[in-house]
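Q: Given the structure of chain V, go ahead and fit chain C onto it with the hints provided.
Now for the letters of each chain:
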Amino acid sequence: MIEDFYKLEPYALDKEQKNALITKELKELTKFHKEHCTHYANFLEAVGYDAEKVKKASDIPFFPVRLFKDYELLSIDKKDVFKTMTSSGTTGQAVSKIFVDKETAIMQQKVMVKILSNYWGSKRLPLLVIDTPAVLKDRRTFSARGAAILGLNVVARDMLYVLNDDMTLNVEALRTFLEKYKGQRFIIFGFTFLVWQHFYTELLKLDEKFDMSEAFLMTGGGWKKLESEKVSREEFKKRMTETCGIVHFLDHYGMVEQTGCIYAECECGHLHASNYSDVFIRDPKDFSPLGIGERGIIQVVSVLPHSYPGHALLTEDEGMILGEDDCPCGRNGKYIQIFGRLKNAEIRGCSDTYADKFR
Amino acid sequence: MQINSDELTFLTSGIQELENAPNTPALPMFSERAVAFLSALSSEILKDKRTRGFVDVTSYAYWIRKASLHAAMQKYADRDMRLGRGIALHIAPSNVPVNFAVSMTSSLLAGNITVVRVSDKPFEQVNIICDAVNKLFESDFADMKKYLIIIRYPHSERTTQELSSVCDIRIIWGGDRTIETIRAAKLPSRAIEMTFADRHSAAVINSDYYMEQDADSVAKGFYTDTYYTDQNACSSPRIVIWTGNSVEKAKERFWAALEKRVKSEYDMKPIQAVDKYTMFCALGMDRKGIKLVSHDNYILRTEVDKLTDDLMDFKQNSGYFMEYTAKDLSEIIPILGKRCQTISVLGIDKKDIVDIVMKNGVRGVDRVVPLGETMGLEFIWDGYKMIEAMTRLIYINEK
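Chains as they are written, first to last, in numbering that gives the first Met the number 0: chain V, 0 to 358; chain C, 0 to 398.
Pulled out of the complex, with its shape left as it was, chain V reads as follows (with noise of 0.2 Å):
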């Protein structure tokens, strides 16, 4: 049951006790999609499931994250679902279609805050939001981004987007939130693609600086668009540093198939899994799992999700496992190295390509 997670700290788990209580919750969630999911259950026949013999996490089967672009996939009743969050692709074209009920969505939030609160504390802080509301009121951008917004919503208080709709920076807005909020402990959040193009480069343009040394820099959504422009992360977070001061970073790796247990970057700059996920890397040749520092495709589990089978996922990430239970910061669990989405092939033929639908 999941309440026997939220009496821990969300990092207390080590390996064995983990895999004890993870494997049992997940089966547990295979047992309850198998038989709430039609199409679920035959991908299980499909694959060979058999209960019986899932020793740990990495025996349950795992479900290709494309999949929730092609299929409707729930594990209850349509009219029980109290949210639908949707991932776009660049292009926009192909939608994840996550559908949330009223349980599945106090969980991720409520993890979301146990996870979070770990890094800045449990007060409920002040937002500043490197985004433009747009990012809400539309839909179809109703994204990754949007989702994550909305998340945090939860954890914070205050919320400002510091962006026009024309994603220009409003200055005046900034003053007064940092005026309102001097000394004190806030959180800013953005991707970082946004945050550089739209809220550093901005601020070096400007004549007077401002002091956010109190702040958390929140961001996430990778690092591919800044590292194709030659900056590397060590350059955004110093770079950082020397505009506004900003000393604490705090960057997370998470998808809207898993919301709710994010990876977040500790003191020593490594993303954790908590005890509520889990992360396996995969070889590309057969599925094995790897172990600590060999790069693969990136796998993961979750315990949140309940209202649609998405508990156990193969990403197209590739990432790699730095360590396990032996961060100097002190938490517990693996802790992981992402390195962004796998690279497209160049298929020979003349036929159409199933990856094509999706570019």
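Derived by calculation from the structure, the hints in this document are not laboratory data. Values in this document were obtained by computation on a predicted structure and should not be read as measured data. Where a beta carbon is used, it is the ideal one built from N, C-alpha and C, also for glycine. Just to be clear, a hint being listed does not mean it is correct.
Not the full set, but computed from the structure, chain C residues with beta-carbon under 8 Å of chain V [as the list claims (entries may be wrong)]:
id	residue
1	T8
2	I270
3	A281
A: Only chain C this time, still in chain V's reference frame:
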């Protein structure tokens, strides 16, 4: 001809030849000049050291050598009454480098002023062939310059429209979306169009016959049919149908022999493994009776217990095979729909397949070939006699 050349890059010939194309006389079918030009092109390509690295360029060069063209010519008894339709506009596919040359070959033999748009993707194969063409244009074949204009241009509705407005026949190779995009450009009222759309193919193997064959040589042929083009050519089998009494033994032997070759020759990218697994799960989710039978990702095999007309919607490339055991050959009818192109066979009488097609009037199957030969270059493709289809026939009423 009104054409804006800003967007055009000429790989052979130039704007002058293109602008004059409407006034250039068409040539007779199998004209002496076209045959001589292509035979010379064959030698020129084979002389190029770079050619050795490309099996597809080599096969192309052999296909157009003099003897091969003369043999093909004999098959057209009424060729003296046929000539090119005029300007043939070819839109070549982006992922099969030599295809443009195959298309232009039929077109030149038909007697057309051949305008070929090749893809933006840089392929050494395209360079080799175009360099050879240009060498011939600079020496003995300057007169052929106006008959072969190879161009490149970025996606542009305007240019496609300008070229389409003057053509007499348009040939489009590519996926459904490419065809849809190109078709937005209108054709003149008399012009005809040939489209080579997305197709899929199947292999049928008699297990008893297979057990008597050399496993490695069958694997080599099947590898060429599939992995050589990432199993994404129209002619690549996506499903294997087994017949006979030794199916289990044959499967084991067949896939083991293929696996050996795949592991030593095929460079599988991680995303291809994910793509294959994703498609398998989509199929497994969609219906009951699907079983994963492979043990790793190099060859992903899934057994199906029924052939249905929508099964091929779940096709995938890069080494993804559906498998079915048939007690009777006629069980394959559901997958012989419009999109089915080639049936490759081993130990099965080709006529038996043709019989099924004829008797049932299915919409697919344009080609039945031996397993291992699906990639062969031929003048008959997708149900068309290519050269003939690009000509027109003059009829004389002899009373």
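Q: Next step is simple, just say for each hint if it's right about the structure.
A: Results for each hint:
no.: 1; hint: T8; verdict: violated, 22 Å
no.: 2; hint: I270; verdict: holds, 4 Å
no.: 3; hint: A281; verdict: holds, 6 Å
Hint 1 from the list above is the single one not met by this structure.
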